[in-house]
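Numbering (mature numbering (1 follows the signal peptide of the UniProt record, and there is no 0)), first residue to last: -19 to -1, 1 to 276.
Think of the hints as simulated: they come from the structure by calculation, not from any bench. Here a beta-carbon is modelled for each residue, glycine too, at the ideal position from N, C-alpha and C. Hints may contain errors.
Taking CB as the label site, the calculated pair distances span [as the list claims (entries may be wrong)]:
1. Q275 to T12: 15 to 21 Å
2. K187 to T6: 19 to 25 Å
3. P149 to G227: 21 to 27 Å
Straight-line C-alpha distance at most 25 Å; calculated BS3-like pairs for lysine-lysine [what the hints assert, rightly or not]:
4. K187 to K219
5. K185 to K202
6. K96 to K202
7. K97 to K202
8. K96 to K132
9. K219 to K5
10. K202 to K5
11. K185 to K138
12. K138 to K202
13. K187 to K61
14. K97 to K61
15. K202 to K250
16. K187 to K246
17. K61 to K95
18. K221 to K5
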Amino acid sequence: MLKYLPLFLLLALCTGAAAQDSLKTIVGHITDRDGHSIEYVAVGIPGRNIGTVSDSEGIFSLELPDTTDADLVFFHVSYKEKSIPSAEIIAADGPVTVILEENRLAAAVVTPGKKKDRRLVGRGARVPGGVATMEPSSTGMEIGSVIEVRKEFTVRKISFEVLRNALPGCVLGVNIYRMEGSPATFDNVLTKPIYCNIPVSEEKNKCQIEPEETVILSPGKYFIALALVDCDRDLQEKWKDKPSWGKDERIDNSMTSIDFPLYLKSGYKRSKAMQDFESIPIGTGLTVEGTENQP
């Protein structure tokens, strides 16, 4: 008998606000300076439990308390972080357009010398028959491991396994952050996003990704994470009403998820939009392989 541990219980992206606040629905379009849409931008108010992710066309929708004085922050691997006062967004007449500036980082330079093949992040101990699930409500959350790099490491391959997928339009993303300070700050290592389109299937699907760019990790602490960045938008809207579902509706939708093998491995979950960071005792089997510099 399969043992299901729903990650959505740990990872649910809540976009609600305090009940006493009057809410305004904000709709916007995120582009670069040339007017090209930017997909899968995390949008949120850090520390306020308010956040979402733009769709593949750069469109986002978010409910904001009309009394908030906090900044709405926009995050994307390839672009500079941008903050806009929520009051300015709320006061806008109609949909807003947000323009992000490209994040130009220096090209990585590989240090010459002897290299050794190595697996940087392992899966952990497999729970026999265990299954971890992500539902549409998990969109925008990252789950992964914090690892210590002791010698310069070049990432060659990132792998994970999907047991089944019942989410149409499912897109998973991988990100790597360098962690600094306490409380931790997260600095993007990648300059190009890593996405993997997962087809609807009852069959196992092993995903192996080779980054398009040269990814070099210098000694330090890193957070390497897997996230559900998109799925069918109608499903996402439907899942917003989940708290009001009856028993029959919960049963009918119980298998609408993407499932991973469950591993016991100390890890973390993080909302990029809301900047939350919590430890969790499970993982989805994400592995990172590459070469390590030798003295």
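- Query: Among all the numbered hints in the text so far, which are the ones the structure does not match?
  - Reply: 1, 2, 4, 5, 10, 13, 14 and 17
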